[in-house]
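Order-wise, the sequence lines are chains H and U. Okay, so the first sequence: first residue is 640 according to the working numbering, each after it adds one. Okay, so the second sequence: first residue is 152 according to the working numbering, each after it adds one.
None of these hints come from the bench; they were simulated from the model. Among these hints, one or two may not hold up.
What the hints assert, rightly or not - Calculated pairs, SDA-like style, for lysine to any residue (alpha carbon to alpha carbon, straight line, at most 20 Å): (1) H/K692 with U/M326; (2) U/K235 with H/G715; (3) U/K312 with U/E341; (4) U/K220 with H/R739; (5) H/K673 with U/L232; (6) U/K153 with U/V170; (7) U/K235 with H/N813; (8) H/K692 with U/G209; (9) H/K692 with U/E233; (10) U/K235 with H/G730; (11) U/K330 with U/L359; (12) U/K333 with U/V321; (13) U/K290 with U/V321; (14) H/K782 with H/N813; (15) U/K220 with H/D696; (16) U/K220 with H/E724; (17) U/K312 with U/L329; (18) U/K153 with U/R163.
Claimed, not checked - What the simulated footprint calls covered on chain H by chain U, stretch by stretch (three residues with Cβ under 8 Å from a Cβ of chain U suffice, anywhere in the stretch; the number is not a length): (19) 694 to 703; (20) 718 to 724.
Said to hold, decoys possible - Chain U side only, calculated, beta carbon under 7 Å to chain H, not exhaustive: (21) M152; (22) I206; (23) G209; (24) S214; (25) I216; (26) C217; (27) P223; (28) Y226; (29) G229; (30) L232; (31) H319.
Glycine included, each C-beta is placed from N, C-alpha and C at the ideal position.
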Amino acid sequence: MENPDYAVGTAKNRLKIEYFGLSCFVITSSNGTKIITDPFFAGQRVLHTMLRKEPADVVTVSCGSYAHCHVFDVGGSPYAYQITEPTELAGILFRGVATRHLEMLEVSTTKPGDNVVMCFEVDGIKLCHLGALGHKLTDEQAKQIGKVDILMVPVGGVSTLPVEDAKEVCRQLNPQIILPMHYRSERCDFQGWAGVEEFFKDRPSVEKVYFGVKRKYYENVLRSDLEIGSSQLEFQMRNGKVVLTSRGANDQITAETLNIIVPRFVY
Amino acid sequence: MKFKWYYTASWRITTDTGVSIITDPYNHKYIPEGPPPPFGTDHPAVGEQADIVTITHGHFDHSYICGVKGVPRIYTGGAPLEYKGIRLSSVEGWHDNYGDCGRGVVSCVGIEADGLRIRHMGDYGQDRLTDEQLQKFGKVDILFTCWGDWTPALLDQLKPKVVFPMHHAVVDMYMRSLKGFKQLDVSEVEFSADTLPAEMKCLMLKQLREPTGA
Numbered sequence: 640m641e642n643p644d645y646a647v648g649t650a651k652n653r654l655k656i657e658y659f660g661l662s663c664f665v666i667t668s669s670n671g672t673k674i675i676t677d678p679f680f681a682g683q684r685v686l687h688t689m690l691r692k693e694p695a696d697v698v699t700v701s702c703g704s705y706a707h708c709h710v711f712d713v714g715g716s717p718y719a720y721q722i723t724e725p726t727e728l729a730g731i732l733f734r735g736v737a738t739r740h741l742e743m744l745e746v747s748t749t750k751p752g753d754n755v756v757m758c759f760e761v762d763g764i765k766l767c768h769l770g771a772l773g774h775k776l777t778d779e780q781a782k783q784i785g786k787v788d789i790l791m792v793p794v795g796g797v798s799t800l801p802v803e804d805a806k807e808v809c810r811q812l813n814p815q816i817i818l819p820m821h822y823r824s825e826r827c828d829f830q831g832w833a834g835v836e837e838f839f840k841d842r843p844s845v846e847k848v849y850f851g852v853k854r855k856y857y858e859n860v861l862r863s864d865l866e867i868g869s870s871q872l873e874f875q876m877r878n879g880k881v882v883l884t885s886r887g888a889n890d891q892i893t894a895e896t897l898n899i900i901v902p903r904f905v906y
Numbered sequence: 152m153k154f155k156w157y158y159t160a161s162w163r164i165t166t167d168t169g170v171s172i173i174t175d176p177y178n179h180k181y182i183p184e185g186p187p188p189p190f191g192t193d194h195p196a197v198g199e200q201a202d203i204v205t206i207t208h209g210h211f212d213h214s215y216i217c218g219v220k221g222v223p224r225i226y227t228g229g230a231p232l233e234y235k236g237i238r239l240s241s242v243e244g245w246h247d248n249y250g251d252c253g254r255g256v257v258s259c260v261g262i263e264a265d266g267l268r269i270r271h272m273g274d275y276g277q278d279r280l281t282d283e284q285l286q287k288f289g290k291v292d293i294l295f296t297c298w299g300d301w302t303p304a305l306l307d308q309l310k311p312k313v314v315f316p317m318h319h320a321v322v323d324m325y326m327r328s329l330k331g332f333k334q335l336d337v338s339e340v341e342f343s344a345d346t347l348p349a350e351m352k353c354l355m356l357k358q359l360r361e362p363t364g365a
C-alpha cells in the first residue's frame, strides 16, 4: 500500500536523495538545486553505475581518494566544495569540518584535515555527509557539526572508521535518519570491507530498517530488496521531524529512534 | 594574459581582469588502490586557488580536484559556459586512434578571454583531426598540446600563433626544426591579442613543480 501522505502532501519542500554507490549521493532540493557528494572512480572493483555527467550545481569532495574525488563524471559545471570555510553556493550554505581519515589513506596535502565532513541544510533538513571519516568525533568536532537530521555515514570499515566507531558517531550526532554508505556489496567488491548488515545486526529491532521498502526481517534478501525498493528517497520536514515520503514507503519514518534507511543503488 | 606551467597538463591562465583558470590538475601522490601512476608522479600539488578548473578527461593525472584550493567552478566539457567574463567550450577529441576501444574521449577545452582563443588539448592523440572537428575548433591563437607523432599534423591543421608543449614533452628533432622554437628558463609568460607573433612560436617552458623524490 502506498503512503497516503504521498498523495495528500504537497510537492513542496520535498528533498530527493538518490544513492549511486560508495559515498555518492545525488541530493535534489525542492527547487531543483542539485548537490552531488563524493563522486567515485568506477573501476575494476567498483561496479556502481557511473554518474555519466549527471548535471549538478555543487559537488562536494570530502577527501583525495579516487573513490571520493572523481569530479570528471559530474556534468553541468558545478562548484567544487572541499574546504572548511563556510561558503554559500547555489543558495545553500556549506560548512566543512576538518577531520582525519585513516593513516593508510593519507593522500591529500591540500586540505586542512585529510577528510572534510560536509554539513549543509536543504529544504529545512540538516544534512551531514561524513565522507571517509577515520575516527570517532571529538566533542569539538561534534559541536562544530551541530544538529543533524540526515546523516550519511561510512560503515564498511578498513579504509574508513570501524563499524563500532560508526555506531558511536551516530550516537554522538544523534540524527533522525541514517543513510549507511561505503560498504561492501555485490557492486563494490573491496576485500575486507563489511557489508551493511554489520551496521545494524545487533539492533533490538530491525523493523526500523528500511530497504527502500520496509522489511521486518533481514536475512539474505539484500538482492531482492535492492531490486524492489525505490532508489529515490524523498524526505519532508514536518514539525521538526523528518518524514520519508517516497512512493515505496509503507510507513512514515519518525524520529523516535535512530532510523536507518538503506537506499537501493541507482543501477 | 599570463600562462604558468605547473606540471604535465596543468597550467594557470590568468586574465587581465584577474580571473584565474587552472587546467587539468594532476594527482601528486601514488594511491595504493588507485590506477597505476606513470613515472614521476610524486610532484607537489598545484596547491593554488583558481576561479575555474578545467578537466579534459577523467584520468587521474588530469582530474584531481583535491590538488586545487578554494571553491572553483569545474568545467569538464559539454555545453559552453560563461563565467566571470570567460567563455569556455569544448570539442570532443580522442586520446588515440582507437576511439572508445582505446583510451577514450578527451574534451579539448577552449577558453576565450581578453580577445584570445586558447585551446587546451589534454591528452589528444589522434593522427589527424577530422574535418568536422577542425570546423568546430575554429581559429586557435594559443595551443597547449602534448608532444608526439600526431603533433605535426595538429599544428599544420590548427595553425596556432603560439604553441606550448606539455605533458612530459621533451625537446625533440621536430621541436627544434620549428622556426619559432625557443626553450625558456621561466615558468610563466605573458601574451595579449596585440603581442601575438605573426609566425608560429613554440615555447618550451620550465616546469614549476619539480619532483620531490621517487
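Hint by hint, here is what the structure shows:
1. Proposed proximity of H/K692 and U/M326 is contradicted: the alpha carbons are some 37 Å apart, above 20 Å.
2. Proposed proximity of U/K235 and H/G715 is supported: the alpha carbons are some 16 Å apart, at most 20 Å.
3. Using a Cα cut-off of 20 Å, the hinted pair U/K312 and U/E341 holds, with the two alpha carbons roughly 14 Å apart.
4. In summary, the hint linking U/K220 to H/R739 is supported, as the alpha carbons are separated by about 18 Å, within the 20 Å threshold.
5. Between H/K673 and U/L232, the direct Cα distance comes to roughly 18 Å. Compliance with the 20 Å bound is thereby established for this hinted pair.
6. For a cut-off of 20 Å, the pair hint linking U/K153 to U/V170 stands: about 11 Å separates their Cα positions.
7. For a cut-off of 20 Å, the pair hint linking U/K235 to H/N813 is broken: about 42 Å separates their Cα positions.
8. Between H/K692 and U/G209, the direct Cα distance comes to roughly 11 Å. Compliance with the 20 Å bound is thereby established for this hinted pair.
9. Distance hint between H/K692 and U/E233 is fulfilled; the C-alpha atoms sit about 19 Å from each other, no more than 20 Å.
10. Note on U/K235 and H/G730: the hinted pairing holds, with a Cα-Cα distance of about 18 Å set against a maximum of 20 Å.
11. Proximity of U/K330 to U/L359 is assessed by CA-CA distance (about 25 Å); at most 20 Å being required, the pair is judged violated.
12. Between the alpha carbons of U/K333 and U/V321 the distance comes to roughly 13 Å, so the proposed pair stays at or under 20 Å and holds.
13. Restraint check for U/K290 and U/V321: the C-alpha separation of about 26 Å exceeds 20 Å, so the hint is violated.
14. With a CA separation close to 12 Å, the supplied pair H/K782 and H/N813 stays within the 20 Å bound.
15. The hinted pair formed by U/K220 and H/D696 meets the criterion: a straight-line CA distance of about 18 Å does not exceed 20 Å.
16. Simply put, U/K220 and H/E724 have alpha-carbon atoms about 11 Å apart, close enough for the 20 Å limit, and the pair holds.
17. For the suggested pair U/K312 and U/L329, the alpha carbons sit about 12 Å apart, so the restraint of at most 20 Å is met.
18. As the CA atoms of U/K153 and U/R163 are separated by approximately 8 Å, the hinted pair is consistent with the 20 Å bound.
19. Here's how the stretch 694 to 703 of chain H fares: 4 of its residues keep a CB closer than 8 Å to some CB of chain U, so the rule of at least three is met and the hint holds.
20. With 5 residues carrying a beta carbon less than 8 Å from a beta carbon of chain U, the stretch 718 to 724 of chain H meets the three-residue requirement, and the given coverage holds.
21. With 7 Å as the threshold, the beta carbon of U/M152 stays out of range of chain H, its nearest partner Cβ sitting at about 21 Å, so the hint is violated.
22. The interface hint given for U/I206 is met, as the beta carbon of that residue sits about 5 Å from the closest beta carbon of chain H, less than 7 Å.
23. At about 4 Å, the closest approach between the beta carbon of U/G209 and any beta carbon in chain H falls short of 7 Å, and the interface hint on this residue holds.
24. With a least beta-carbon distance of about 4 Å to chain H, the hint placing U/S214 at the interface is held under the 7 Å criterion.
25. For U/I216, the interface hint holds, the least distance from its beta-carbon to any beta-carbon of chain H being 5 Å, beneath 7 Å.
26. Given the 7 Å rule on beta carbons, the hint for U/C217 holds: about 4 Å separates it from the nearest Cβ of chain H.
27. Contact between U/P223 and chain H, as hinted, is supported at the beta carbon level, the nearest pair being about 6 Å apart and thus within 7 Å.
28. For U/Y226, the interface hint holds, the least distance from its beta-carbon to any beta-carbon of chain H being 5 Å, beneath 7 Å.
29. Satisfaction of the interface hint for U/G229 is found here, the shortest Cβ-Cβ separation to chain H being roughly 6 Å, below the 7 Å cut-off.
30. A cut of 7 Å between beta carbons decides the hint on U/L232: the least distance to chain H is about 5 Å, and the hint holds.
31. The beta carbon of U/H319 comes no nearer than 20 Å to any beta carbon in chain H, farther than 7 Å, and the hint placing it at the interface is violated.
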